[in-house]
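Engineer: Residues per chain, in single letters:
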Amino acid sequence: MAVALILVLITVGSVAFHLLSPWWWTPIASNWAYIDSTIIITFWITGAVFVAVVLFMAYCVYRFRHQPGRQAHYEPESRRLELWLTVVTGVGVAAMLAPGLFVWRQFITVPQDATDVEILGQQWQWSFRLPGPDGKLGVSDTRLISPDNPLGVSREDPAGQDDVIVEGGELRLPIGKPIKALLRSVDVIHDFYVPEMRAKMDLVPGQVSYIWFTPTRTGTFEILCAELCGVGHAQMRGTVVVQEQSDYQAWLQDQASRSFARLAPAAQ
Amino acid sequence: MSSILLFLSALLPIGMWWLLRQGVMSKPWLEQGVVEGLPGPPPTSAAKVGLGVFLAVIGSLFALFISAYAVRMQMPDWRDVPLPNILWLNSGMLLLSSIALQGARNAARDGDAMALKIGLLAAGVTALAFVSGQLLAWRQLTGNGYLLTSNSANAFFYVLTGIHGLHVLGGLAVLGRTTAAAWRGRLSERLKLSVELCAIYWHFLLVVWLILLSILAGWAGSFVEICRQLLT
Amino acid sequence: MVDVPLGSIGAAPAAAVDDVELYHPHSWLTKYVFSQDAKIIAIQYSLTALSVGLIALVLSWLMRLQLGFPGVFSFIDANAYYQFITMHGMMMVVYVLTALFLGGFGNYLIPLMVGARDMVFPYVNMLSFWIYLLAVLILVASFFTPGGPTGAGWTLYPPQAIMSGTPGGQDWGIILMLVSLMVFIIGFTMGGLNYVVTVLQARARGMTLMRMPLTVWGIFTASFMALLAFPALFVGAVMMLFDRALGTSFFMPAIAEMGQPLERSGGSPLLFQHLFWFFGHPEVYIVALPAFGIVSDLISTHARRNIFGYRMMVWALLAIGALSFVVWAHHMYVSGMNPYFGFFFATTTLIIAIPTAIKVYNWVLTLWRGDIHLTVPMLFALAFIVTFLNGGLTGLFLGNVVVDVPLSDTMFVVAHFHMVMGVAPILVIFGAIYHWYPKVTGRMLNDALGKLHFWITFLGAYAIFFPMHYLGLMGVPRRYYEIGEMSFVPPSAHMLNAFITIVALIVGAIQLVFVFNLFWSLRHGRPSGGNPWRATTLEWQTPETPPPHGNWGRELPVVHRWAYDYSVPGAAEDFLPQNQPNAQARQGTSNE
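Chains as they are written, first to last, in my numbering: chain A, -16 to 251; chain B, 79 to 310; chain C, 72 to 663.
No wet-lab data here; the hints were simulated from the structure.
Glycine included, each C-beta is placed from N, C-alpha and C at the ideal position.
Keep in mind that the hints are not guaranteed to be accurate.
Unchecked claim - Computed, partial: chain B to chain C, Cβ under 7 Å:
1. Gly111
2. Val149
3. Leu167
4. Ser169
5. Gly170
6. Met171
7. Ile177
8. Gly223
9. Thr227
10. Ser228
11. Ala231
Stated by the list, open to error - If you want the footprint, here are the derived chain C segments under chain A, 3+ residues with CB under 8 Å:
12. 121 to 135
13. 166 to 180
14. 373 to 385
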């Protein structure tokens, strides 16, 4: 009796916690509302299964508890019942998988008009490289890294001459434009994670990975590292500032002229 | 990771066949008494079955090394190792060793104690020659500047041949015990079993070596490439 | 490693041994220390694993103290914190759960349940334990080396694991960890061969595969999987050891450390992840399948009802075992691997949910129309269903590629895997110990202490890990030494963290009651008799309790029925032991 009651209380408590607790995801700031929807679908389906199974268990524990004279029912199996349950489970799984795969396809298909932005991780800070007026990022190589070239950007590549480099500062992005973030690491594996953007991907040394997203709301958001990268992992934070288009352009112009002046003083 | 998946998918039908033969579809609650229709524990000795399972483990180990090799060799810094010619001689030695041990196995079956001793000795000597030859190959490579750390192709060569060599050495320890037993005592059932197990193990290591050789020499890569072109 | 099967020819298969005296131990040392008796080896394995478990428990306390009350305990700095989580994780997954389920329960139960005198290769079995102990000692030794143990996280991802920014990365920590794992794998291979071949070869007459209890099925399948999966970790460990000690570039790409390029190039960090998870995912099921098997038998015995859908349960075990080898990359959705792999691995991962769900249904359906005795083992089994169901369902979030993206590497993952492969299997271990302790010692564990232990452990563990999911949903990353200021984390979350820590301390402390019960009942427990739970399986039918060396006296048992003849209509008792020939009860019972 007490056991059955506690099982019921666990179910009720879990559902109540889910509905009433103040702990929920942070408001979204990117186009990935679809991801939130898939999570909601999954919560509904799994929640229903959890409640149904535990309540049924509680019922069994109460109804079929040992009493003098009770004998269990002898029934080795029931193919019909098992088949039926398998089919229902299969349908439930498909109902979660299909939207998941559909959204994943969008997640990995970068739109044509996305702007490249390089995000670079190192122990334990974030750096960023934005394409200058030419809209292209220059070539880079880890072996070129030196104290005065911490990102290893090739000096030969003309596309890299006007790149805007932000070291350990803020990443600024314009609102409403798709961004393709090219992720690169110079030492160990890091992970670019902005909870409000929902997107997340590892930065792996020796290769370039990517994600894309469109910021949908202006504001300042935190960048966290989500892959253990050594003892300073928890301190590896950064900031992304999403601005209106005009503010962003003004800032970019300013930065581009500064870095142009820094990189090629002789040319002017 | 395709090599290991290939290896596992080869094991899968064996497992399924065995399970079906053991009546995995039957309804046990309908049967009572000592069921005679189904095979009980098979007549094969436990040691032989144990060796079979152990070979599956070694197979998995090498399949995984080969998987790692296949992934790593696609990186741009990969520079193939020119195989030292002595490897061909070594392969011959290992083949001879396998043949000699098969001879010993047949001799043990026929009860020919003299041929058994000769077979065991020959197998031991040729296997030792194989291991020494592999060490010579290492020396030649390091002498020619193909150091462990200078390229991952080199590192893989040393690791793969080294792990294989360790397995041969382990086998040699058992073979040594078996040979000593053959010298000391009469031809017992236990000795026959030992010789048979050694022979199976040897053939397996020979096959593993030939696969490793084909991969190190690049034939396996070209073979896969040809298959791929035929399929597409 | 090589001469495992060959060196053991001397041991005749147990089924064929007529003379029980054949390898009887003669001295105290060979009987209790260097014993070749699977039951003694099982106890050695279990006690070692439980001791490691206590160390891991203390480590979890320390890290929870830091998370719940950041900055209060000055001796837990970031270095120490990462060392604690790494050692806690590795110890629990490999050295506690794997060793306890396979080395402990496998050794004790397989020979008894299939009606054998012992494992088929007793000498190799003994070696297996001593090599395991050596692996444990090497692992623990890393606490005492300069630089301390590795703090790379239990996943040991390179390049981080072997670089100076990680505790133990350029010291002895990582080397000892890798060596210890390799030694463990060698030792496990020896044991695993025994478990598999004993089931294949040494079953008593009449013990067909489909008459085996699900416990044996679970341990058998898991052992086989472990034999095939552990080599992946071995390969990864060898290659990383080369990278760390000899300067090769298997996993090390061209990287820079502190602004200086290192002498490495071309290696693939993702290759290690593939190897690690090729081991790591089957490993989850290597822990889960024995738990599935054991819990099936607990439920069936204590609900006095045959396990519902036995055949389906066996097939589901086998299906899960096979499928678990093709889902590994669901741990790598955000690892930067080819994103198209996501489609394949999400599909296989969600398919594996179907056989798993069938198992849950069948456990619950076994309760339905049963005659449920709420004994302590049964309580643990019920608690297992709740926690496993919860953890399994959150697995559907993480397995479904795009849903995983915001949740991966957050506390949601931590909560999920603790629920599903931490709490759930440990509840089974407790249930199993309460269930089989009478067979091992001849005495019952104290019931009142058992219930106290159960309720605090179960409700406490649920209160720890259920709310933790919501921290992750909020975005709190895992493996953070301190959360500090995060704009999206409300102050109430810090209270939640403190709450979790306090509950964790209580749940940890209550385990002392369990340890006390284990020792106290050894002397003062109620004598149990040979079959206190009135169970059908063979281990309860031994002529003596605890079973002596050789298990069965002069004659091996002969098996006449499957393992689940409970409450057969018309039978005098509500259970028919497997070796009971007379089936006075069977007329007209078949409903097929």
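Engineer: Provide an ascending list of the numbers of those earlier hints which the structure does not satisfy.
Structural biologist: 3, 4, 5, 6, 7, 8, 10, 11, 12, 13
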